[in-house]
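In order, the protein sequences belong to chains L and D. Note that our numbering numbers the first sequence so that position 462 is 462, with each residue one more than the last. Count along the second sequence from 1, add 505, and you get the number used in our numbering.
Bear in mind the hints are in silico, worked out from the structure with no lab data behind them. Cβ coordinates follow ideal geometry from the N, Cα and C atoms, glycine included. There could be a bad hint or two in this list.
[What the hints assert, rightly or not] Derived pair list, reagent style DSSO-like, types lysine-lysine, alpha-carbon separation capped at 27 Å:
1. D:Lys-507 to L:Lys-45
2. D:Lys-628 to L:Lys-13
3. L:Lys-156 to D:Lys-628
4. D:Lys-616 to L:Lys-13
[Claimed, not checked] Between beta-carbon pairs, the in silico distance windows are:
5. D:Gly-590 to L:Asp-353: 25 to 35 Å
6. D:Lys-518 to L:Asp-311: 43 to 53 Å
7. D:Pro-526 to L:Gln-54: 52 to 62 Å
8. L:Thr-48 to D:Lys-518: 18 to 28 Å
9. D:Gln-579 to L:Met-383: 25 to 35 Å
10. L:Gly-500 to D:Lys-559: 34 to 44 Å
11. L:Glu-382 to D:Pro-549: 52 to 62 Å
12. L:Glu-140 to D:Lys-518: 51 to 61 Å
13. L:Asp-495 to D:Glu-556: 57 to 67 Å
14. D:Gln-579 to L:Leu-178: 28 to 38 Å
15. L:Tyr-470 to D:Thr-625: 45 to 55 Å
16. L:Asp-337 to D:Glu-602: 33 to 43 Å
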Amino acid sequence: MAKTSLYDTTFCKTQQRLALRNCGVIDPENIDEYIAMDGYRALGKVLTEMTPDQVIDTILASGLRGRGGAGFPTGMKWKFASGNRGNVQKYVCCNADEGDPGAFMDRSVLEGDPHAVVEAMAIAGYAIGADQGYIYVRAEYPIAVKRLEIAIDQAKKYGLLGKDIFGTGFNFDLSIRLGAGAFVCGEETALMTSIEGKRGEPRPRPPFPAVKGLFEKPTILNNVETYANIPQIILNGAEWFSSIGTEKSKGTKVFALGGKITNTGLVEVPMGTSLRHIIEDIGGGIPNGKKFKAAQTGGPSGGCIPAEHLDTPIDYDNLLAIGSMMGSGGLIVMDEDNCMVDIARFFLDFTVDESCGKCTPCRVGTKRLLEILDKIISGNGEMEDLDKLEELANYIKSASLCGLGQTAPNPVLSTLRYFRDEYIAHIVDKKCPAGVCKKLIRYEIDPEKCIGCGMCAKKCPASTIQKTDYTAPGHKLPSMKIEQANCVKCGACMDTCKFGAISKH
Amino acid sequence: MKSLAELAEIREKNRSKVILPDGSKNLRVVVGMATCGIAAGATPVLNTLVEGVKAEGIADKVAVLQTGCVGVCQYEPVVEVYEAGKDRVTYVRMTAEKAERVLKEHLVGGKVVEEYLITTAQKA
Chain L
1 MAKTSLYDTT FCKTQQRLAL RNCGVIDPEN IDEYIAMDGY RALGKVLTEM TPDQVIDTIL
61 ASGLRGRGGA GFPTGMKWKF ASGNRGNVQK YVCCNADEGD PGAFMDRSVL EGDPHAVVEA
121 MAIAGYAIGA DQGYIYVRAE YPIAVKRLEI AIDQAKKYGL LGKDIFGTGF NFDLSIRLGA
181 GAFVCGEETA LMTSIEGKRG EPRPRPPFPA VKGLFEKPTI LNNVETYANI PQIILNGAEW
241 FSSIGTEKSK GTKVFALGGK ITNTGLVEVP MGTSLRHIIE DIGGGIPNGK KFKAAQTGGP
301 SGGCIPAEHL DTPIDYDNLL AIGSMMGSGG LIVMDEDNCM VDIARFFLDF TVDESCGKCT
361 PCRVGTKRLL EILDKIISGN GEMEDLDKLE ELANYIKSAS LCGLGQTAPN PVLSTLRYFR
421 DEYIAHIVDK KCPAGVCKKL IRYEIDPEKC IGCGMCAKKC PASTIQKTDY TAPGHKLPSM
481 KIEQANCVKC GACMDTCKFG AISKH
Chain D
506 MKSLAELAEI REKNRSKVIL PDGSKNLRVV VGMATCGIAA GATPVLNTLV EGVKAEGIAD
566 KVAVLQTGCV GVCQYEPVVE VYEAGKDRVT YVRMTAEKAE RVLKEHLVGG KVVEEYLITT
626 AQKA
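Bound-form chain D, shown alone (with noise of 0.2 Å):
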């Protein structure tokens, strides 16, 4: 890196897959994956997301990444969503087969699943 304009650059072509603009119709899923959330289970919560926005042709329009712990360990493992001008969404204690009902319900069919949310799961 030369300069700062080069780094400037990056930012900018970047910013908008971290910090989805508004009017933006793309969303954004980050998965849990230190040791807390692999330990507990989050790598088959990956790949099920990974392949699934695959295999639903959704791929341009949803990112799913990996990320760091957000600090709720007994909740893990955890995924969110973030969508330009709405909540963001925490999912918790995840599993492949909720994740796929995820992806069908919320990701393709654009309806938060209720019951997986952290909210929910605060209340039981």
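Pulled out of the complex, with its shape left as it was, chain L reads as follows (with noise of 0.2 Å):
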């Protein structure tokens, strides 16, 4: 018989879908589904056979770590937010502030199974004894939100949020809190800080949130993915979770695929995974047969790959050891026509809006990068600029208040670690390669191709293309020339010819 599903692609066979087990399988907003899937089955398993410190140890057994990007064992977390259990306002929040470009694994885990977060966060509740939860949720994801809040509404008339939890006694209750965009509130402590209705800044840690958290009160923050992960642990048990990954990172990882790139998607495979295996084989590979030059992970925070590590496993160490970091799981391949200054460019030109300016290390230090940057990709750079560059970025790194700060450079120091041809090349050539950088690159017309149409002339939006009195031998008209001081190097001109007539240089 003729294959006809989904899973019959190699897109998915080699995937294993353990956080995004019900996205696209269940209805969101029908809680009887999740039920029939076994859910509030892990809740209820914890609340009336389980000690909360029992619940700790096994996430601890588990060996799962925070999906959001810094790979902080989740356990761990937990148990130091333990302590005085009933005799202290506690809080539970959930961070689905998702905020790196082109990363969209939390919307879908919110929108396709929404109720996994919720009762994962009940569990936390339990662990820690806090009653109640926060969900910080960004407020550009208005289905998340919606699907948020039946799920939440659901839960509550089924009473599997509320008070006495299956006449335990457990009383936990779940808010939703919007996020008004600001990448900055993706770091915790920010993060917090919005949830109590102030300007989302960061502060420094100590004291950690698990000793003073919101409201000044202990709190746990976890992921969107990590919540996905908890109910199926406490129902198959830390030991099958802990087979699944390699030694330090254990469990599965979703990758929202992107770029240059054959089968774009949701991705999740085990850690460990080699890179290769997820952009040729599930990616399906580059597309029109261009050549892979490299994969971008953690988003602003991360660093670019380069060909020689895409047999690296990836796991939380890997990826730090090669410069990069997992991130919440963006992964964006780029292939030869991408250039590596501009995508760095791209990046810190992001954390420059994005830095909350609380800090002068992230606020001056990554604004003085770009200009920097701004320099190399406009034909001005010169060979002490890297050297600037990296001690800068060391410096910044080092210095920066929060996470944001401290991360801001990575795609800076990755890109020169690997690609530091390509930043020559901008600034003794006065080259792009790749043939990104406008103010690096000229368009021309050979007079001997050029016919004459005068087609090229008619897209021009800027109306530098001009007739001259040369006409080539055997052609009836005069050929084009470009006006190089207008050019804007839109490409419409090479676009429109049919005759291969004009050249990017």
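Hints in hand, dock the two standalone chains.
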């Protein structure tokens, strides 16, 4: 029989869906469907069969690490916040402020399986002794917000949130807080400050949130994908979970695969899968016969991984060792048409915009980095700029207040490390090898090939193309010429020319 | 919810709707309605299927539901058909017109529309 399903494609065959197990399977707006897939059974199990310490021990033993990016052991976080249960107010928070450009893992979980997060937060509440939770989600995710609201309402109606859950005396309530889209609010202390109703700015740690978090009370904060793993760890056991993945990174990781790749999409693979497998087998390789140049992980906090590291098994520690980081799971593939200096500039432009301005290294330092990069891509760079970039980047890393600034130079440092030759080409040869940086490229018309049809001149938005007095042998009309001074380098002329007379240098 | 037994009851009652049991003649049709699917045009597809199933008088046998994202961005909107004992069928790049054909030929007629399958789309 003919193969008919998504699961018959190479895209899906080698994926292992744990966090995404219900996404695309159940109706996210119907709690009964979630319950049919063993939903809330884990909550029932912890409340009736396990002590809070046993829950924490299970999560510790599973080896689950935070899926938001930094990879801190989740069980450890819970343990730090678990002291003095019942005597102090505590909070459980969920970080759904997914802000990396190109990342949409958390949105998919919230839109496809919101109850998994609700259930896991209640479990976390029981483990640390909290009766109130907050989900901090971006207002730019209206469908995720709507489905979360429905999920919380339904759970309350069923008595799976609220007072005396399963008749055990355990109370837990959940509220949603909307973020206004500031990238820095994905940082834990800024996120909690924002929930408190103040301007979202980070504060120094210690004290860590487990000691003094939301409203100055002990708080745990985990990412959406981390929570999505909790119920099945409780149901299937720590051993089951820790049997998946690598020695230090257990379980699976969801990646949002995008960029120059045949199959874009959401991919969940066991930790330790090689980049090559994700890109070539699952992703179907680079389209149009182009060559792979780099894979960008970790968004604005991560780095670019070159072809020589394609076979590295992906886990938290390996990615750090090669100068990138796991991040929340954005994975952008780049081919030979991407300029690495331009990529570094793109991410830095983003962090300059999103820096909250509270600490100087991040506020001023990232701006200075951007200025140096701008100088390089406009053809005015000098070799000593590279040393300046590196020196400044390291200062910013070590002196910034929060994760945003501490990781902001990573795109610059990793491209400098692996693609230094491209920087040098921009500085010494005044050329952009990928043909991206507009100030370093020029379009030219070959007068011998140009038949003088004038189509390019019609398309040119800057009206920089004029007739010359030269008519090539065999042609009836004089050839055209681009006035370089006014050219905006859009490339419209080259795309229009049917005779291959226009080239980019 | 006061007891685990109550939870188990809801689970048992609904399990056969999500995981169709052997011998069930019912169909379960899900339309990917996450942000990505909706942006690609899944809403008219869902509406066509819901209305069509009613109009054909097969609403008691065919459940049409929305679901989250299955993760194949470039193939949205995605419609999947589950039938007990058979391979899951994944239709991709759906439109209201294509949904009309799936309704008539597959949901009513029982014949898979090969043209719209993900496996066909991948060969092209």
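Status of each hint after checking the structure:
1. This hinted pair checks out: D:Lys-507 and L:Lys-45 have alpha carbons roughly 13 Å apart, not beyond 27 Å.
2. With a C-alpha separation of about 16 Å, the suggested pairing of D:Lys-628 with L:Lys-13 holds against the 27 Å cut-off.
3. The straight-line distance between the Cα atoms of L:Lys-156 and D:Lys-628 is roughly 47 Å, outside the 27 Å bound, and the hint therefore fails.
4. In summary, the hint linking D:Lys-616 to L:Lys-13 is supported, as the alpha carbons are separated by about 25 Å, within the 27 Å threshold.
5. Look at D:Gly-590 against L:Asp-353: about 55 Å separates their beta carbons, and that is not inside 25 to 35 Å.
6. Range check, D:Lys-518 to L:Asp-311: about 49 Å between beta-carbon atoms, so the 43 to 53 Å window is met.
7. Distance hint for D:Pro-526 and L:Gln-54: a CB-CB separation of about 35 Å, inconsistent with the stated range 52 to 62 Å.
8. A hinted range of 18 to 28 Å holds for the C-beta pair L:Thr-48 and D:Lys-518, which are about 21 Å apart.
9. Against the hinted window of 25 to 35 Å, the Cβ-Cβ separation of D:Gln-579 and L:Met-383 comes to about 43 Å, which falls outside the hint.
10. In this structure the supplied range 34 to 44 Å is violated for L:Gly-500 paired with D:Lys-559, their Cβ-Cβ distance being about 57 Å.
11. Taking the beta carbon of each, L:Glu-382 and D:Pro-549 are about 57 Å apart, inside 52 to 62 Å as hinted.
12. The supplied range of 51 to 61 Å is broken by L:Glu-140 and D:Lys-518, whose beta-carbon atoms lie about 37 Å from each other.
13. One distance hint, 57 to 67 Å for the beta-carbon pair L:Asp-495 and D:Glu-556, is violated here, with the actual separation near 43 Å.
14. For the pair D:Gln-579 and L:Leu-178, the beta carbons lie near 30 Å from each other, so the given range of 28 to 38 Å is met.
15. The hinted window of 45 to 55 Å between L:Tyr-470 and D:Thr-625 holds, with their beta carbons roughly 53 Å apart.
16. Between L:Asp-337 and D:Glu-602 the CB atoms are about 36 Å apart, so this pair conforms to the stated range of 33 to 43 Å.
Violation of the numbered hints given earlier is confined to hints 3, 5, 7, 9, 10, 12 and 13; the remaining hints are satisfied by the structure.
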